[in-house]
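Student: Chains F and E, in that order, give the protein sequences.
Take the first sequence: its letter number 31 is residue 31 in the working numbering, and every next letter is one higher.
Take the second sequence: its letter number 1 is residue 1 in the working numbering, and every next letter is one higher.
For the record, the hints were derived by calculation from the structure and aren't laboratory data.
From the three backbone atoms N, C-alpha and C, an ideal C-beta is built for every residue, glycine too.
Careful, some of the hints might be misleading.
Derived coverage of chain E by chain F (criterion: at least 3 residues anywhere in the stretch with Cβ under 8 Å from a Cβ of chain F; other residues may be distant) [as the list claims (entries may be wrong)]:
| id | segment |
| --- | --- |
| 1 | 30–40 |
| 2 | 152–160 |
One-sided and incomplete, this derived list gives chain E residues near chain F with beta-carbon spacing under 10 Å [what the hints assert, rightly or not]:
| id | residue |
| --- | --- |
| 3 | Met1 |
| 4 | Gly9 |
| 5 | Leu12 |
| 6 | Leu27 |
| 7 | Thr93 |
| 8 | Val96 |
| 9 | Val97 |
| 10 | Gly111 |
| 11 | His112 |
| 12 | Leu141 |
| 13 | Lys144 |
Calculated lysine to any residue pairs in the SDA-like style (CA-CA distance at most 20 Å, straight line) [stated by the list, open to error]:
| id | chain 1 | residue 1 | chain 2 | residue 2 |
| --- | --- | --- | --- | --- |
| 14 | E | Lys39 | F | Trp116 |
| 15 | E | Lys39 | F | Glu48 |
| 16 | E | Lys39 | F | Arg39 |
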Amino acid sequence: MGVVTTDGELIQRAADGDRSAFEDLYRRYARPVFGLALRRLGDRGRAEDAVQETFASIWRSAASYRPERGPGAPWVYAVARNAIVDRARARTETPAEIPDEPAREAGPADRAEQSWVAWRVHRALEELPEREREVIALAYWSGLSQSEVAEFLGIPLGTVKTRTRAALMRLSDILGEDFG
Amino acid sequence: MNFDELVGGDDLTPEEERKLRRVHDLLVQAGPPADLPPKLEHPTRPPEAEIVQFPMLPKRRWALAAVAVIALLLVAFAGGYFVGHSKPAAFATRRVVAMHGANAVAVLRVGHEDSAGNWPMVLEANGLTRQSGRGYYELWLTRKGKPVLPCGSFRVAKDTTTVRLSVPYRLQGFDGWVITREGAHDRGRPGPVVLTT
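This is chain F alone, in the form it adopts within the complex (with noise of 0.2 Å):
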């Protein structure tokens, strides 16, 4: 099993301008990107908008990565959040009229704190293998029961179990820093 490169790591080789690493953070990131820029701007072209914004500030600002003040996912956050909040800013219209109701979803640092579990947890995905990142997407957001997973893939059940468990512990360690 070969070493995994830390984030921390493609950042400052990007910096150096090895495009391959940038290629490689783009392909963890993306989607977490997206997802974020999704559920802030509500927009899929704005959105795409985003995260094109979010990949050519971390190019061009890869060098102001400092490995000693942590690792590389916060970074790509941070730079991804300010990304979508300029774009957020960037809207034309604005709303006609304050609503006199109190806001019935999260305040600011439930959301906040709902992005980055979402973020750590859709980048830590990018981590598993494919058949078990099918497995996990197929069973907790497909509404399909396990039999019904299993007969999707054309698998024994017992092998979407173990597949799931082994998915399981994997974004465990992947997760452990973090959520431990």
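Given chain F's structure and the hints, the job is docking chain E onto it.
Tutor: The following block gives chain E in isolation, referenced to the frame of chain F:
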């Protein structure tokens, strides 16, 4: 979804069960990841580098030159993309320097310094006239606007000329670049400036 139905079993230790439940809860909390649109399946080419404006350059001249240089950059990037986008880039650009003259423009892409201290560069000049006889052009680093260190010489044969150069100097102490027109007789002494930053 129910944790026990998904992974529960008597063979889990309490510690394992705690860890798996934690991840299970996080997956539920996170919700499904977004489907990446086809447009975002692959990264767009990262920006080559930022165009560097040297302090000596008057802003108004820069504005005029920028239009021409951007056109040249677009042609260069588009050409590069179609020719070689499936292969790793052989030249990682650290910064791009725009140059301009009366009827010509140039883009100097400066790469990353190697371990020995060499700076690779690619110069793409457009509009320089072909010189008769043994005439050629020379790229110089400038200090206070004056050419002080030669960075390589080249000839042109057609409208656009691309040459690879390398210099071993520390670039920090200079304020710009110029290209001069040289003849065989005045080798070693800068000729008239035809392009400048």
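Student: Of the hints stated earlier, which fail here?
Tutor: 2, 8, 9, 12, 13 and 14
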